[in-house]
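J.: Chain order of the listed sequences is V and S. Residues 2 to 830 (this note's numbering) are what the first sequence spells out, left to right. Residues 1147 to 1373 (this note's numbering) are what the second sequence spells out, left to right.
Since the hints were derived computationally from the structure, they do not count as laboratory data. All residues carry an ideal CB built from backbone N, CA and C; glycine is no exception. Errors might be hidden in some of the hints.
Looking from chain V toward chain S, a few residues come up when the C-beta cut is under 7 Å (computed) [unchecked claim]:
id	residue
1	L7
2	N15
3	S18
4	M290
5	R292
6	M294
7	G295
8	Q298
9	P378
10	L379
As a plain string of letters, each chain reads:
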Amino acid sequence: MIHFPLAMRLLARNWQSGEQRILVAALVIAVTASTTIGFFTDRLGRGMTNQSAGFLGADLVLESSRPIAADWLVEARNKGLQAIETLEFASMVINGEALLLSGVKAVQDGFPLRGEIRTAAAPFAPDAATQALPLPGEAWVAPRLLTNLGLQVGDEVEVGAHRLRITRVITFEPGSVGNPFGVAPRLLMRMADVAATSVVQPGSRLTYRYLFAGHEADVSKYRAWLAPRLGPSHELVGVQESGRAVGTTLQRTERFLGLAVLAAIVLAGVAVAMAARRYSERHFDTSAMLRCMGATQRDLLGLYLPQLLLIGLLASAVGCILGWVAQYGLLYLLAGLLPVAPATPHAWPALAGFATGIITLAGFALPPVMRLKDVPPLRVLRRELLPLPSRAWLVYGAALCAIVAVMWRYTDSWPLTLSVLVGGIALAALLSLLALLLLSLSRRFNSRVGVAWRFGLNNLWRRRQSSISQILAFSLTLMAMAVVALVRTDLLTTWQAQLPADVPNHFAINILPDQVEEFASSLQAAGVVTEQLYPMVRGRLVKINGTAVQKSVTKEERSDNALNRELNLTWTTVLQADNQILTGRWWQPEDTGKPRVSVESKLAERLDIKMGDELGFSIGGETLSAEVTSIRSVQWESFRPNFYMVFPPQVINQFPTTYMTSFKLGKEEKPLLRELVARYQAVTVLEMDRVIEQVGVVFRQVTLTVEYVLVFTLLAGFAVLFAALQTSQDDRLYEGALLRALGGSRRQLRSGHLAEFTALGGIAGLLAAMGTECLAWVLYSEVLDLQHSFHWHIWIIAPIAGALLIGAAGYWGTRTVVGRSPMLLLQNQ
Amino acid sequence: MIAARHLSKRVETAAGPLDILTDIHLEIQARESVAIVGVSGSGKSTLLGLLAGLDLPSAGEVFLSHYPLHDLDEDGRARVRGELVGFVFQSFQLLGNLTALENVMLPLELRRDRQPREQAAELLSRVGLGERLQHYPKQLSGGEQQRVAIARAFVTEPAILFADEPTGNLDNVTGETVIDLLFRLNRDKGTTLVLVTHDEHLASRCERLIHLEAGRIVSPVKAASTA
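Build out the structure end to end from the sequences listed, making use of the hints.
T.: Printed below as a string of structure tokens:
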């Protein structure tokens, strides 16, 4: 039977006494974290699905590095399809002295065939869809291009030999999704203006995209017609393929952030369980009294469950609202990186967050609260009587069910849920063990420290179960934060460190054969030391020993980047300084004109290419076969021009060729770039310092997002701390009163508490440092391919940060214990 | 009103089984007032718990009115308590988060009574706390708290009132006032009163004494006078 008014009155009174605050705070944290990520991924996901066909800009796209045969387009139109062409290339865009590498896209009337371009009048102004395109002589650009070049809408920029007036800012454009974190900001212009730029020359690195749209059946027919005609330099992308790629990226992001949120929810759950247990224990007497007055078990459930439910509903509602606000923070942090404008928020992430709150409450709070119905009425006469403890399987089973239910939502895969669960339990067990070890070690110092520390360390040991759960919560959170911070700084500094003073920091590509000498002498005249100029021919590796490469390699190898794009092929007689012949021999004069090739060692290893193998290349629609006569090691990090495939002279020189080189420019020499680019319009200069800077910006943004989400985890950790404090509050009050009655000063008591929580935080920090070091080692060696070195500063910062943070929080949390009069407390006991 | 036949309570301890009550046989008539007395550990509170249906005997039978408590499950006994029984405890057992009025309303609300507020307020006035309805227990003195507890016990007009050391936590003067109140209400409402006490003066005001020694009744004695 539900005694609703009575239940509400009890709830209101308990609320005033502050009993349920921790429980509510923990729930709010769980729901806020869950709702924030829910909103974020939902809005992004729907933004993407809404624009799925619009992403591609067509129903079918054919990518090619050179123009396709005219009859392919004729055939498309004969089959009733619309067909248009776009051209993409990288080019330096210039405003006065400032220049920036930009991803230029030239389009024809009718672009896009599907979806729409969204533009705004100024950077970060509200955007809207448009049917228009830039007029001839105009350009639309990404906001970053404006800010980096110090431009405004209405200004002019130079692209190659041509000047274009910027008339709009692009916020979304179909077909740009493949590389949402791309380094070069977009510039959209008319195809008709391309010739005037003089950027496009034979051998230039270009991407032609042919867009087709029409009835589904017609598209399928054309696809079937086209498929057998495609060469190695072609790639066909339909809506499905494009959607899948985008979906995977999103899914990964979602899972990554989901794990952080999951940690926050589990920690919040632990806090909820602790708070609920305390709540339950404080109501044993009430329950016994009510039983005496004739309340049945159902009556008691009818009193307590509505209270719990209402707490859950209110906390979840507050969490939903906070989550709704917090998602804007997340979107703001990631602004500029998002591939699409997020869709308008829907209600369901709020509902899902709400459900998370109720599930967390049910899983973690229900078992202790259910104990209330089992309080024996005889407790009114014999205070020592307790209800049977909840069965362990019930407590852990309910919590586990709640965790699995929430986890499954984030991972959407049973194997992943299971592995995360098992991994999490194993990690928690290991950390608990280490925490116990450190706690017992800390006791050894007991005899050598002052009374305050002894009091603090004793407290930690006496309540070790609760201490360990707090240490666990904080060490995990600190560890996650430290790893993220470490990876960020290490990746960036490693990249920057790999650019020592004398190493080239600029690449010039697309140098036309007739400009090679002039270009080299311009650099020399300016006093810039250049590397050798290497010819570059673009071709694809298509056969190994006569077998199509896609068949002769395994499934994993098939996804190798080197097989899925055109390689830069070169010829030279001089072996690069940092290259080393591992097997075979370097070119001798007699090799000239012979179809032979030298292969980079790691690629050879990956594709199982051996000495004497016959490699087939597709270059400009023709095929060429060459024998492997040497295998070379290459230092890719040297930032000097390097190649997978090196031929002897006069083997591939009949194909369209451009040249490339690298050189070192100091910051003060940058104006030279402007001259070079103005003079050699086809040349593209890659400023590696800028690229690294830009990657750094992107990286910082992404890691900031992760840290943003980790704040929820940290808050949940604090909820655990305060729940634990609340649980031990009565004991502490009694002890405090007793110590003071025995002559202890407030100051001693305060120092004791400070020592206790400083030690707790220090131990958590120490564990976090251990975990960080291990995790960083695995990450660096297995994932990031970075040299791992001992991070001594983490071993100092983490324990100190932990000690300060948790010391301060614990000190604050125990202030009431110190503030009460000892007399009063003893009377209460 | 209350009958116990061959009532025994045995508990398992680390040192083996321990008999707390052995073969208790008693009957208490309606409107009778009975004091259970004895030294500490003689089994007084255990007997009270068994008679009130708070606990089950190891052997024997307990009837409250016509209900066989020994045959009922805990919820069944709770219903009987709700219908017939009121309690007053040594430690008052008031809910600290509720006002005096709300504490007294509680048993009425559990029974879904129509006008709990009016009845509770009226009874509090009768125990002299008409001006302190909205006070919380910690704002009341010990004697006042026990008066709230007495009001709470009588508000449902129970047929039987069990009291466990009702003056145990009070000084003599306050205890006397509380006892007067208890017996006055008992008389006015026609309640059967069973109380456990150390206090000889309090015991002497009951019509009958049941003396327990080591878990057995030694001498059912008629009291000299009634209050």
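J.: Which hint numbers doesn't this structure obey?
T.: Every hint satisfied by this model.
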